[in-house]
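> This is what each chain is made of:
Protein chains: 2
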Amino acid sequence: MRILILGGDGYLGWPQALYLSKQGHEVAVFDNLARRQFDLKHGFDSLIPIQTVHRRIERWNQLTGGKQIVNYHGDTTDYNALSRAFQEFQPEALVHFAEQRAAPYSMIDREHAVYTQYTNVIGTLNVLYAIKDFAPTCHLVKLGTMGEYGTPNIDIEEGFIEIEHKGRKDILPFPKQPGSFYHLSKVHDSHNIMFCCRIWGLRSTDLNQGVVYGPGTYETELDAELATRFDYDQIYGTALNRFCVQAAIGHPLTVYGRGGQTRGYINIKDTVRCIELAIQSEPKQGEFRVFNQITESFSVNDLAERVQRVGNAMGLNVKLDSVPNPRVELEEHYYNAVHTKLLDLGLEPHLLDDAEVERMISLTVEHQDRIDQRLIMPTVNWRKADNVVEPTAEVATNHR
Amino acid sequence: MRILILGGDGYLGWPQALYLSKQGHEVAVFDNLARRQFDLKHGFDSLIPIQTVHRRIERWNQLTGGKQIVNYHGDTTDYNALSRAFQEFQPEALVHFAEQRAAPYSMIDREHAVYTQYTNVIGTLNVLYAIKDFAPTCHLVKLGTMGEYGTPNIDIEEGFIEIEHKGRKDILPFPKQPGSFYHLSKVHDSHNIMFCCRIWGLRSTDLNQGVVYGPGTYETELDAELATRFDYDQIYGTALNRFCVQAAIGHPLTVYGRGGQTRGYINIKDTVRCIELAIQSEPKQGEFRVFNQITESFSVNDLAERVQRVGNAMGLNVKLDSVPNPRVELEEHYYNAVHTKLLDLGLEPHLLDDAEVERMISLTVEHQDRIDQRLIMPTVNWRKADNVVEPTAEVATNHR
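Protein sequences appear in the order of chains P and L.
Residues 1 to 400 in my numbering are what the first sequence lists, from first letter to last.
Residues 1 to 400 in my numbering are what the second sequence lists, from first letter to last.
The set of hints was computed from the structure by calculation and includes no laboratory data.
Be aware that a few hints might be false.
Since the list gives no way to pick out one identical chain from another, each pair is judged satisfied if it fits inside one copy or across any two copies.
Here are the simulated PhoX-like cross-link-like pairs (lysine-lysine), alpha carbons at most 25 Å apart as the crow flies [as the list claims (entries may be wrong)]:
#1 384 to 284
#2 67 to 132
#3 22 to 319
#4 67 to 22
#5 166 to 22
#6 284 to 132
#7 41 to 132
#8 22 to 384
#9 384 to 132
#10 67 to 166
#11 22 to 41
#12 41 to 384
#13 169 to 384
#14 41 to 284
#15 284 to 319
#16 41 to 67
#17 41 to 169
Turn these sequences into a full structure, and let the hints guide you.
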């Protein structure tokens with residue numbers, strides 16, 4: 001199948017490209033390289049070194065005896081660039097990762113909030129029109145987030161919920177309570193996509209993914225030059241990745257507030273498989289499906305304690321520290337998210353075990369010379385409208 | 001109170017400015033004149049002649065013995081312009097009409113869909129940041145639409161619904177099923193505003209307004225130079241306004257499909273009062289309220305039959321015609337929308353009676369020389385992604 005991966009150079013997009021290529025699909029990536037630009041602008045870098053998209057693709061080609069990945073440089077907000085990729089590659093499935101993907105990024109200030117919603121909402125509108133214009137049977141596999149739901153006091157269903165109200169019933173979109181301008185942009189996308197399935201008969205699977213952890217997949221770990229990025233900073237680093245880095249350098253684990261914040265999690269190895277499962281089980285024209293793409297749930301405290309226990313057993317001296325929560329969120333709450341649809345399709349989860357945590361900590365120890373300690377502490381506060389990304393020397397040293 | 005009206009030159013914004021000025025408030029309008037630009041671009045015009053914003057304001061000043069309305073020309077997507085208005089005028093309440101407001105406009109093609117969501121979503125993000133930056137206690141009164149809800153098979157509540165699910169309960173945002181890129185943009189806005197009330201402690205009233213009808217208010221009718229615009233075209237004209245024009249010129253009333261489509265309606269005279277009621281009953285900091293701003297519900301057939309009956313009694317020969325529905329919507333459905341909050345605050349509705357319909361038809365007869373028959377039939381089809389706004393001569397004459 002011809003599969004176009006929007007955002008195919010990113011933390012998840014690149015491993016996805018390799019995985020689908022390995023499975024025998026014709027793969028193209030389309031990326032504006034915005035994530036790399038952010039690092040260049042601020043002087044940050046991935047913990048694990050990564051190659052240019054050109055070199056990555058070349059190396060994959062060498063190692064696999066000739067597998068090709070087509071490379072498009074472009075931005076989804078540029079309809080001409082997007083149209084060219086559609087017309088040339090003629091995708092049968094589209095995996096859409098090409099969005100500003102960090103909640104803290106979206107909360108920096110007005111410019112970053114606007115950038116986030118512009119890129120994500122307008123970019124996805126363009127994607128929908130490109131499908132309608134050039135590939136109306138193409139299956140849109142869209143990455144959403146579990147954060148769209150927020151933390152309601154009822155079980156979270158997969159996209160829709162049957163509501164009985166005043167003696168009548170309907171099945172309606174699950175009410176959303178997103179917690180950042182980023183999460184909001186994903187809710188906007190979901191509404192836009194659902195609408196286009198209804199009016200134009202497009203077909204889409206909206207994957208509400210949990211927090212992804214892990215340094216790579218079987219494919220990215222074949223060779224150092226195939227590695228995907230590993231983020232540990234306050235903007236792009238997710239909780240478990242960050243805790244492992246903190247453990248490796250002897251920084252107290254930065255638990256935000258009381259640490260009872262519970263979320264769904266997924267190993268990056270399962271992400272690539274979930275998307276394959278979504279692609280294989282095609283929706284009908286006009287169908288809009290929602291899968292919750294998580295395998296288990298943890299509180300922040302669960303993760304911190306796990307990293308502490310494993311780290312200490314490795315001879316590290318891991319301490320926990322509660323830092324003022326930069327986010328506005330409930331720190332103790334009910335959380336139970338249904339996630340059976342991908343299991344029903346055949347997902348066999350890589351659940352989080354101590355061996356995986358040890359592997360992650362070892363990896364960060366191995367690359368500890370590359371760790372920039374300025375990136376450990378959060379500076380982006382949800383309550384403020386004018387945050388800075390680059391911490392001052394004072395902020396950074398205070399917490400060493 | 002100092003009240004800034006974003007979109008204060010529009011069909012509703014202008015009457016709102018006059019009404020609040022009459023009530024003794026200090027009023028400023030902020031408008032990019034986009035609605036007038038559309039007419040200039042396509043060669044369309046309001047049925048009732050309207051003056052420039054400068055002349056309108058001058059005339060109001062003359063007739064009221066010196067009441068001032070401050071005039072800002074600016075676009076909400078231009079943060080500098082918006083900031084200047086906030087800093088100079090220091091609003092205590094903000095009435096936000098400054099959005100692309102037509103569902104058919106948003107469905108013309110990709111450019112118009114993108115323009116709609118960009119203007120509305122990014123513009124409103126800017127408004128939220130401007131409040132946070134310059135006027136954090138300012139009460140945001142935001143115009144939404146009943147179309148955000150779609151037509152669920154349960155009663156529509158005012159913004160929130162208590163859901164009991166698997167033995168647990170929560171009060172959650174009412175699930176939305178908007179029916180155009182325009183309606184979607186309003187849903188996006190509502191989510192963004194709710195979030196900013198939560199994280200920053202802003203306060204807002206989100207008014208889900210029904211379809212507005214009527215040629216003006218007591219204030220706009222004081223003098224011909226104070227008139228507000230009256231739209232009867234397929235893009236901006238709402239159902240009752242359009243039917244009255246069709247009746248006046250002997251064109252069969254264009255009922256879309258089966259005509260069972262039921263919506264909430266409100267007289268423009270009640271709109272201006274509802275917004276005053278919202279402003280008077282201030283929400284607490286951090287509060288996000290939703291009122292359903294309608295006074296009664298009608299199906300398209302109800303309205304067509306009413307116009308036919310009244311028109312025939314006036315000696316016109318009014319015929320009904322079912323035209324293929326250009327929209328994708330249910331043509332027979334359950335509809336019951338709760339709308340008690342504004343009544344509780346003191347709204348005394350101007351319900352639709354035959355006298356009002358007769359008045360509207362008479363007005364259109366009076367201005368029938370200004371009616372452009374090319375604008376009567378719908379050309380913008382929801383199922384297509386590349387509609388044209390200006391009908392060909394053939395389309396127009398076919399239906400005369």
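> For each hint, tell me whether it holds in the structure or not.
Hint-by-hint comparison with the structure:
1. 384 to 284: between (45 Å within a copy, 20 Å between copies)
2. 67 to 132: neither (30 Å within a copy, 52 Å between copies)
3. 22 to 319: neither (41 Å within a copy, 65 Å between copies)
4. 67 to 22: within (8 Å within a copy, 74 Å between copies)
5. 166 to 22: neither (53 Å within a copy, 42 Å between copies)
6. 284 to 132: within (15 Å within a copy, 45 Å between copies)
7. 41 to 132: For residue 41 and residue 132, the Cα distance exceeds 25 Å both inside one copy (36 Å) and across copies (27 Å).
8. 22 to 384: neither (45 Å within a copy, 38 Å between copies)
9. 384 to 132: For residue 384 and residue 132, only the inter-copy Cα distance (9 Å) is at most 25 Å; the intra-copy one is 40 Å.
10. 67 to 166: The answer is neither: 59 Å in one copy and 49 Å across copies each exceed 25 Å.
11. 22 to 41: Neither: 34 Å inside a chain and 53 Å across chains, both beyond 25 Å.
12. 41 to 384: Classified as within: same-chain Cα gap 22 Å, cross-chain 42 Å, threshold 25 Å.
13. 169 to 384: Neither, since 41 Å and 32 Å both go past 25 Å.
14. 41 to 284: Neither way: residue 41 and residue 284 sit 43 Å apart in one copy and 41 Å across, limit 25 Å.
15. 284 to 319: Neither: 51 Å inside a copy, 41 Å across copies.
16. 41 to 67: neither (33 Å within a copy, 52 Å between copies)
17. 41 to 169: For residue 41 and residue 169, the Cα distance exceeds 25 Å both inside one copy (52 Å) and across copies (47 Å).
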